[in-house]
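What follows is each chain in one-letter form.
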Amino acid sequence: MTDLSRTRWIDRGLRTYGMAVYAFLFLPILVVVVFSFNAGRHVAELTGFSFQWYVTAWTDPFVVRAFRTSISIALTAGLISTVLGTAAAIAMPSLPRWLRRAFNTMMNFAIVVPGIVLGLSLLIFVVSATGWLNDWIGYLFPRSDFRLGLGFYSVVAGHSVFGSAIVAILVRTRLASLDPQVIEASADLYAPPVRTLFTVTIPLLAPAILAGFLLAFTFSFDDFIIAFFTRGQEQTLPIYLFASIRRGVSPVINATASTLLAFSVTMLVVASLVNRRRANRPGVQ
Amino acid sequence: MTTPVLTDAIEEGARPEPAGPPPDRRLRRLLAILASPGLVWYALFLAAPMAVLVVFSLGRRAPNGGYEAALTLDQFAGLGTRLTPFLNTVRLGLIGTLLCVIVAYPMAYFMATRGGRNKTLLLALVVIPFWTSFLIRTYAWVFLLGNRGLPEILDRIGIGNVRLLNTTFAVLLGIVYNYLPLMVLPIYVSLERVDVSLRHASKDLGAGPWATFRQVTLPLSAPGVVAGALLVFVPVLGEYLIPVLLGGGQTYFLGNALADLFFQSRNWPFGAAVAVAFIAVIMVLIVLYTRMTKRIVAQGRGTRLL
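Just so you know, the sequences run in chain order A and B.
Each residue of the first sequence is one higher than the last, beginning at 946 in our numbering.
Each residue of the second sequence is one higher than the last, beginning at 28 in our numbering.
One or more of the hints may lead you astray.
Pair by pair, the computed Cβ-Cβ distance ranges are [as the list claims (entries may be wrong)]: (1) Thr147(B) - Phe1143(A): 46 to 56 Å; (2) Trp954(A) - Leu245(B): 14 to 24 Å; (3) Leu991(A) - Glu95(B): 56 to 66 Å; (4) Leu225(B) - Arg951(A): 13 to 23 Å.
Here are some of the chain A residues that sit facing chain B, going by a computed Cβ distance under 8 Å [stated by the list, open to error]: (5) Gly963; (6) Val977; (7) Val979; (8) Ser1066; (9) Leu1068; (10) Phe1187; (11) Val1197; (12) Val1210.
Since the hints were made in silico from the structure, they are not lab data.
For clarity, every value in this text was computed on a predicted model and none was experimentally measured.
Even glycine gets a Cβ: it sits at the ideal position worked out from N, Cα and C.
Please put together the full structure from these sequences, using the hints given.
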């Protein structure tokens, strides 16, 4: 074999392999989507196009309620993550060294540690802390039934710890690409710091902030494991789906899953398009 | 929960600290105020829970489940009794990680050397599945491998009685499928940074493609492989969904063990001890990981995912 033809064979082999891996990554998901439109119930039963499983899924009050819960949790967690993460990224450089280190360590920890650890530590923390607080509430307001516990807010807390770290990374990366002269110019022109922050820095960071929000939202919306530990009685859509999957495969699950996929893929594409708009803007190097 | 903005994080590890504080003192005070809500949030919902976890791990199990205050190392001493699920986790985790390397390396090599102008697209196509719901990706295999899926189709063409779901094979497949992007990306980043002229030089000196690959490309991309292996291995150890949905509860992972300890047997102190030990192992691996990524970054500029 000549050297050239050998290179060509390697080339062809690599390309084929690449395509095969993409097929491996996308086909299973695609199968779920295709069969959500299938009139039959099983893989071996391709009997025609139908929307019936979508109708069944989205008229199920449990699915609808779980979807609403997931959306509100994701919106709350996404917003909290965006505000905290953005503020952290902007403020980080001016913090005292030890505080900056501590903050950085906590954020990296939140990203690196598996969700199950975050979930279960939050579970025992909330249970212990609210047990103690509820004693006080019962003592101070003997006639009130109000009690703290696991639920909506503990899930939001868990999701926002991870989400803030994502937002902070995205914003920090963009901050590093800004031209410092633009911000200095604003200060030289006697703009007070608050004004510089809101009229110069934050607008320049806007794409990263928005992309960060979308990612934090998607993460929270798709998360199963943190919610599994911290949800209390709350039912999110992934939790509901998990319970249905354990009862057995069904086309209704395919339809619900496909809707969710469409939802998060849209969010992702928007997030990456938004964040790519970095060039051709004043103040961005 | 690993690293979504992966290569950012890789670069982050070795980037020099950001420039010093801004000169204006008023601005500095403003920025410090800006940071405090985040700090409080992390102290409350990350640091405090971890502290409670450590406290619980030093406690005793209350008679009817839960926690009873104590100061003892009994829970940690008892870790040895549950060595089997732990070793099982480590074994399957290592096999899964190795399979990921084997599948991912040629893929990353393809993207880095044959990507041409489409590199961004090729990368995006690897990243997108990773950002979609983990639960749904795992479910896709439950659907495919279940009795009414591939086995039924195999049955029709004459291969009957194949069991795919609830096997070790299914668990390993689930690991490779779900974690492949986490392996491809760091390898891709490290391959991308291998200077093309080094390969040309090797060729000019008479080395064939295989010798060049083995003596130049492979050693230079080794840090990427190690980084990827750690990125995959850590979350796989804590995996809950894959063993439950694809392993049918027969393969037991650390993640399942933790869920059982907290929800079924309600032995919180022991569960906390397992979690603390797990975090300790992760920390050791992270130190190794940081060393590796520093070496990757030392090779040149990075690639971003978003």
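Checked hints:
no.	hint	verdict
1	Thr147(B) - Phe1143(A): 46 to 56 Å	violated (33 Å)
2	Trp954(A) - Leu245(B): 14 to 24 Å	holds (20 Å)
3	Leu991(A) - Glu95(B): 56 to 66 Å	holds (58 Å)
4	Leu225(B) - Arg951(A): 13 to 23 Å	holds (20 Å)
5	Gly963	holds (4 Å)
6	Val977	holds (5 Å)
7	Val979	violated (11 Å)
8	Ser1066	holds (4 Å)
9	Leu1068	holds (7 Å)
10	Phe1187	holds (6 Å)
11	Val1197	violated (12 Å)
12	Val1210	holds (6 Å)
Violated hints, listed in ascending order, are 1, 7 and 11; each of the other numbered hints is respected by the structure.
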